[in-house]
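*Asks:* Residues per chain, in single letters:
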Amino acid sequence: MKNKKENTTLLQIKDLKIEGFSDERWHKIIKGVNLELKRGEVLGLIGESGAGKSTLGLAAMGYTQPGCRITGGQINFDGVDLTKRTDSEKRKYWGNRMTYVAQSAAASFNPAHRLINQTTESTIRAGLKKPNEAFDEARSLYDALNLPNPETIGERYPHQVSGGQLQRIMTAMAMSPNPDLIVFDEPTTALDVTTQVEVLAAMRDIVKTYGTAAIYITHDLSVVAQMADRIKVLRYGEEVEEAMTRKMLKSPKEDYTKSLWSVRSIQKPEKKNADIILEVKNVDAFYGSFHVLKNINIKLPLGRTVALVGESGSGKSTVARVITGLLEPKIGSVKFKNRELPPSLKGRTKDQLQKIQMIYQMADVAMNPKQTVYDIISRPASFFAGLTGANLRKRVVELLEQIDLDERFIDRYPSELSGGQKQRICIARALAANPEVVICDEVTSALDQIVQEGILKLLGRLQKDLNLSYIFITHDIATVKAISDEVVVMNEGEVVEQGLKSEIFSPPHPEYTELLLSSVPEMDPDWLTDLLKARNY
Amino acid sequence: MLPGDFGQAILGQAALPETVAAFRQELGLDKPAYIRYFDWALGAIQGDLGTSFSGRNASGADRSAEVVDKIAPRLWNTLFLASMAALIAVPLSLILGILTALYRNSFFDRSVNTATLTTISFPEFFVAYILILFFASLNQIFPSLANVDPDTNFGERIYRTALPAFTLTLVIVAHMMRMTRAAIINLLASPYIQMAKLSGASQTEIILKHALPNAWAPIATVIAFNLAYLVVGVVVVEVVFVYPGVGQLMVDAVRTRDIPVVQGCALIFAVTYILLNLIADIIGIVTNPRLLHPK
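Just so you know, the protein sequences line up as chains A and B, in that order. Take the first sequence: its letters are residues 1 to 537, numbered as in my numbering. Take the second sequence: its letters are residues 1 to 295, numbered as in my numbering.
A hint or two may mislead.
Claimed, not checked - Away from chain A, derived, C-beta distances all over 10 Å, residues of chain B:
#1 Gly4
#2 Ala33
#3 Gln194
#4 Gly200
#5 Ala201
#6 Arg255
Said to hold, decoys possible - Listed next, with one range per pair, are the computed distances between beta-carbon atoms:
#7 A:Asp143 - B:His293: 19 to 27 Å
#8 B:Ile158 - A:Asp136: 34 to 42 Å
#9 A:Asn368 - B:Arg290: 41 to 49 Å
#10 B:Val236 - A:Phe383: 51 to 59 Å
#11 B:Tyr103 - A:Arg85: 16 to 24 Å
#12 A:Leu302 - B:Arg290: 42 to 50 Å
#13 B:Arg290 - A:Phe290: 14 to 22 Å
Hints were generated in silico from the structure; no laboratory data involved. Don't be surprised by glycine CBs; every beta carbon is placed ideally from N, CA and C.
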């Protein structure tokens, strides 16, 4: 281990300005930010997308993405101003004294090379260790990060291990050269909650053991609360405020910070007892020979929201595919208003199709980029309701107003809309068919917390106004609390538990529900420590 | 359909219909097409490509040769020329492709692109004559005729086939080089390339170690396509340099309606094409760990 003097400044960024080139001109991304990091300290950078936190994180390493440029300020790393260094000089720091952990580990590993070679690549290149020593060290890091089969897992290729394991291997890769600074860029955002806990614990542990300084970038407050000593809030490329973690959580000063804190507090009173509008009965479904759904029974009461909760791969979205008729179940059926629906899309009448609509996670790709908002919304309105001409236009405007947009948006293309606006257009498209049941598949997962809040409130209001019934697929427990009346917990293609929200969220829980609920990070900085103690890690 | 048959072609317009009919019967041309096809296919599976029509005449004299014997020396010549062109063109286009990807949008990149696009844009015979003009007429470095026979020794062969090989190289380099460049550049936007940069890899290392290993499949496909062209599509170049290859043999056979030879050539071309594409697919699988090492 290198001799690391505590309490000396490792990184100091002064009045940094960065611009990015898009739409034929330069935009300011970072507008004069100061940042200081001591050795061994963990700084949390938090903000919505577009706040410039990733750009700032990369800039801390002296790196700017293609199409970006540093227009002012200094980045002093251990006494050297990186803004004045050439790329080949900075390369001596990268992968040696400073390393990077990216958001999507699956995309950030080279598919062509074995994991252990990628883990040790920079260490060996920098001449810090001989290949054999580096491999041994990597294997002990795998062990320290609680990876299964630490001796042999490195011989695998990236596609042969799971997302959570890859993220830990990437942490091992970042630790391998024993750097002074690691930049973690949303490292757990793509992971399931249960996996996230393990990865967070492993990362926090190893950073502490080695006394490495780190910048931890995230949009998730409760995650940063576990990791960081200090938190800096960014918005539109400027600092909003900065404070020690406990102080920041207890008493944020700025309104913007407070609004970030308040998002998770939406609660919906649950309503019970209603007629069943949709029922999934004894459904078994397969992808090829893979048994995805095992004897699924779900009931959706009229005008209520049933949340489908589970990790990726639990079969939540497949349930949606069975209900909409995109996937024929092998056994079992779907009943709508006590009448059995034909199993496949082709067999269903226009009327049956109209009653069940869907909203997707990625609003971006769920819309044709070459169609205007009018084209997108008017198509179901004319197809199902037979509207034409002035009536059709009137209906589209009415729908836009229902989703809190207005006529000005009617001729825009999806690329001219923000993420939240795109999702609203997708909601309007679903409403255009006059549905009775709407299936929402992770509709808020790709959105920032504040935008999420807006969409959830909108969905709640529409439910009240139009008496809609929702099946709400999500992996996020906070979203479930905010919107649902009933909850279905799924795991590995089976329903673990179904019931009213209040029942599901109060103990005793089945084992899996317990694991899922206890894994959701809380704003308490001691949450992770306490949880690990409780689970006897 | 090709009009006329070998009988008509050899006997000429003045021949009596009875003579033509008798000659056809002798050659077996009076049988229906499907029977002739199955006869041929049955023979082909057993390695017998039949007997060439040429060398026969109506008087009953038979100096005809086996198709295999006619094609074999020509095929050897064609493969020799194709290998020579490939040995120059494939490494050249890979190196140029990698270099242009490394120095993309530079002056070097643009000039290589312009030059290779220029040579691919001209017809082959034009490129061939230009090369003859500069390397055979004005400066007598290489011979303008590539007439080789089975007795020509190896060194002499290389010397004589140099110009046709250069011509073919100029024709196929652009395609392979641009595909190599595009396949690599396409990958440079991947997150793992940024990761490699942030772990301190140099530009050269990024291209060779991180991009190229993931780009082999499309590159191999294009190389296979061009190698197949070197075997099956070089008749124009063979004619210009009077080179005795399979392409010329096939054209001659079509002119004289010597169908067994045409069939033999077609079979060889098809086999070449399929084999090369098979190799490209195998390379695509071997270089892709996802396919080679399933979960």
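*Asks:* Does the claim that B:Gly4 lies off the interface hold, with its Cβ farther than 10 Å from every Cβ of chain A?
*Replies:* Non-interface label stands for B:Gly4: nearest chain A Cβ at 54 Å, farther than 10 Å.
*Asks:* Is 19 to 27 Å a correct range for the gap between the Cβ atoms of A:Asp143 and B:His293?
*Replies:* Hint holds: Cβ distance 23 Å, inside 19 to 27 Å.
*Asks:* With 14 to 22 Å as the target window, see if B:Arg290 and A:Phe290 comply at their CB atoms.
*Replies:* Since the Cβ atoms of B:Arg290 and A:Phe290 sit about 18 Å apart, the hinted range of 14 to 22 Å holds.
*Asks:* CB of A:Leu302 to CB of B:Arg290, is that within 42 to 50 Å?
*Replies:* Once the Cβ atoms are compared, 47 Å apart, the range 42 to 50 Å for B:Arg290 and A:Leu302 holds.
*Asks:* According to the definition I'm using, a residue is off the interface if its beta carbon is farther than 10 Å from all beta carbons of the partner; does B:Gly200 meet that for chain A?
*Replies:* violated, 3 Å
*Asks:* For the hint 16 to 24 Å, verify it against the beta carbon of B:Tyr103 and that of A:Arg85.
*Replies:* holds, 22 Å
*Asks:* Would the least Cβ to Cβ distance between B:Ala33 and chain A come out above 10 Å?
*Replies:* holds, 44 Å
*Asks:* Return holds or violated for the Cβ distance of B:Val236 and A:Phe383 against the range 51 to 59 Å.
*Replies:* holds, 56 Å
*Asks:* Beyond 10 Å on every Cβ pair: is that true for B:Ala201 relative to chain A?
*Replies:* Given a closest Cβ separation of 7 Å, the condition is violated.
*Asks:* Non-interface claim for B:Arg255: all C-beta distances to chain A beyond 10 Å?
*Replies:* Its Cβ never comes within 10 Å of chain A, the nearest being 51 Å, so this holds.
*Asks:* Against the range 34 to 42 Å, how does the distance between the Cβ atoms of B:Ile158 and A:Asp136 compare: consistent or not?
*Replies:* The hint (34 to 42 Å, Cβ to Cβ) is violated, given that B:Ile158 and A:Asp136 are roughly 52 Å apart.
*Asks:* Looking only at beta-carbon atoms, does the pair A:Asn368, B:Arg290 fall within the given range of 41 to 49 Å?
*Replies:* Between A:Asn368 and B:Arg290, where Cβ atoms are some 31 Å apart, the hint is violated.
This entry does not satisfy hints 3, 4, 5, 8, 9, going by the numbered hints stated previously.
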